[in-house]
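Undergrad: Taken in sequence, the protein lines are chains Z and E.
Going by our numbering, the residue at position 126 of the first sequence is 126; the numbering climbs one at a time, nothing skipped.
Going by our numbering, the residue at position 140 of the second sequence is 140; the numbering climbs one at a time, nothing skipped.
Quick caveat, the hints were computed from the structure, so don't treat them as lab data.
Beta carbons are placed, not taken as given, at the ideal position from N, Cα and C, and that holds for glycine.
Please note: incorrect hints may appear among the correct ones.
Here are the computed distance ranges between Cβ atoms for each label pair [claimed, not checked]: (1) Glu349/Z <-> Asp14/E: 55 to 63 Å; (2) Arg189/Z <-> Ile142/E: 36 to 44 Å; (3) Leu137/E <-> Ala3/Z: 52 to 60 Å; (4) Glu217/Z <-> Asp132/E: 54 to 62 Å; (5) Glu244/Z <-> Asp132/E: 28 to 36 Å; (6) Gly37/Z <-> Ser10/E: 49 to 57 Å; (7) Leu152/E <-> Arg345/Z: 34 to 42 Å; (8) Ala216/Z <-> His31/E: 26 to 34 Å; (9) Thr125/E <-> Thr111/Z: 42 to 50 Å; (10) Ala155/E <-> Thr111/Z: 24 to 32 Å; (11) Asp342/Z <-> Glu49/E: 54 to 62 Å; (12) Arg345/Z <-> Glu30/E: 22 to 30 Å.
Reference excerpt, derived from the structure (chain Z facing chain E, CB under 8 Å, subset only) [to be verified]: (13) Arg108; (14) Phe380; (15) Arg407; (16) His410; (17) Pro413.
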Amino acid sequence: MTAIDQGDLQGNILCGYGFEHALYAFLQVRERAAARGWLRDLLPALTTAEPWGAGRPDSTANLAVSARGLAALGMDREVLAGFPADFLEGMASRARMLSDTGPSAPERWETPLRGEAHVVLMLNARSESALARARDEHLASGALELVYEQPAAALAGAREHFGFRDGFAQPQIADRRAGPWVGSGTPRRFGWKALQPGEFVLGYPDEDGAPPAAPAEPYGRGGTFMVLRKLRQDVALWHRWMREWAGDEREERDALAAKIVGRWQDGRPLSLFPERVHDQPSADELRRTNRFRFRDDPEGLRCPLGAHIRRVNPRDALGGDGRLSSRHRIIRRGMPYGPPADGDRPDDEDRGLVFVSFQASIERQFETIQARWCADGDPFGLGADADFLLADGDPDGKMTIPGDPPRYLHPQPSFVTTRGGGYYFVPGIGALAALAGS
Amino acid sequence: MSTGVAVLLSVRPDRLTALREALAALGEPEHSPLARLGQTHMARFVVVEEAIRDGPCLLFSAEADAQASSYLALVAERLPEAEPVWEQCRGYPGAGDPASVARWLAEHAMPAGFSVRPYPRSTVTEVREALDLRARLRDFAIRAQDLEPAALQRAWREEFG
Chain Z
1 MTAIDQGDLQ GNILCGYGFE HALYAFLQVR ERAAARGWLR DLLPALTTAE PWGAGRPDST
61 ANLAVSARGL AALGMDREVL AGFPADFLEG MASRARMLSD TGPSAPERWE TPLRGEAHVV
121 LMLNARSESA LARARDEHLA SGALELVYEQ PAAALAGARE HFGFRDGFAQ PQIADRRAGP
181 WVGSGTPRRF GWKALQPGEF VLGYPDEDGA PPAAPAEPYG RGGTFMVLRK LRQDVALWHR
241 WMREWAGDER EERDALAAKI VGRWQDGRPL SLFPERVHDQ PSADELRRTN RFRFRDDPEG
301 LRCPLGAHIR RVNPRDALGG DGRLSSRHRI IRRGMPYGPP ADGDRPDDED RGLVFVSFQA
361 SIERQFETIQ ARWCADGDPF GLGADADFLL ADGDPDGKMT IPGDPPRYLH PQPSFVTTRG
421 GGYYFVPGIG ALAALAGS
Chain E
1 MSTGVAVLLS VRPDRLTALR EALAALGEPE HSPLARLGQT HMARFVVVEE AIRDGPCLLF
61 SAEADAQASS YLALVAERLP EAEPVWEQCR GYPGAGDPAS VARWLAEHAM PAGFSVRPYP
121 RSTVTEVREA LDLRARLRDF AIRAQDLEPA ALQRAWREEF G
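One chain only, chain Z, in its complex shape:
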């Protein structure tokens, strides 16, 4: 087994930091020499994937660069042309395929998030004050123009704004030095198979047995691609809608919400827990309960065929054990933004999720999940049904909850709206040094 060079790989990819505060700073290169100087100074402060041991830092710093950013920093045109088309084109230009249309269309995105910034500096910290210190330390010089800042903070109980425990289901990766894992690999007839690291880190063997397509050295090793999306959640609408469809009984509303998501709010999957369990699961229990399959529920009587988690990771639902989904996994490191909502009381606060995923191929991994599995129902025999949790409002949209009789949810409300985003490259430390000209 090839061990990943953790000193060259940036942190928070193979193993999450677990910090509760984050800041995404979107930066533009105005003067190349100054930007490269800033990058050289930043290099020793960047957090790698090396284990912390006992010395957990107060904050971390990581960097991602867009295609325009690589050009602005002076990357050779031919080298840049060796990057994949999805990354070079950027998220907004692929919006139609991603179903970012209507209220989620790029022309309605927040202006600074409409096209990729040159650079995204990602700071994570154990407290707000530590985050502020890190921000001052890395952004005070003004070498790059700060065009947008997106703070994010974990909500109580590691929940997202609709109340679901989030972020604990991650792909298990075959690397002895990475981890520890809270997640699952590919289901087999018996047992589970960890995913090859090349699914997430360039330069290492992937599920096909060879390293994935990658740009020229030194950029082709120790890097990964990052998808960042700002997803606004309409929490008041979510609760109002649940009340309208399931009534005032909390238990009934929770059961309906669980059918849409495929998990109970506490994270327990419907596949293993068709009935609600009232005590909170421990982290260890969640890890164990993440190892479930869909093949024993082919009609979706427990977990609906169109439920969110059955779309984003179909496991063995597509047949062939999990082989048809194993090339389409992503590592998620998103974090909620905005203040928690006060129940279903409407307010004007902007809140949602900063969705962040890491993958070796944006097209094969993130885009397949988003465009083929979430925005369409065909792969699951569901016609044009889209993910009821994520899709934009659609008067023709519906979700079927199988049963006797089945229940049809209709029309599709707009619970989640895309507010902007981009495709970025997260270079290895050696590649960043080359980019900085050091």
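We have chain Z already, so just place chain E on it with the hints.
TA: Showing chain E alone in chain Z's frame:
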């Protein structure tokens, strides 16, 4: 049973840009004029810049509910939007004589070696009818899901009886 159609045309010298513009002018895929030809399962134009020929080529391929020659005759006759595309290719006999255009297309047709068909036993019309029926069933199911049995039966008969 549908048939695979493939036509390879040589692009006239210096007409590559005009060809791309003509293809772009065909519009969005959802409103493709090719969809108007009721027999088209799928169709695509591909500009092949590095063909083993003297210059770039245009590949037109389709899967259609007709023999290749009949389908190309239909394309020649009922697809005026494609005239600016054909014009950029060598040997185009010109608009106004669909029979010549059909012959010209057929002369440049190649046998499709292997075709994968999404609906091997259904025509485009049958596929559309099936989709329409599914949409009607879906709408009915949504509309009728809270009806009592007697009302449900009445509604069913009204819709499908």
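Undergrad: Hint by hint, which ones does this structure get wrong, listed from lowest number up?
TA: When the structure is compared with the hints, numbers 8, 10, 12, 13, 14, 17 turn out to be violated.
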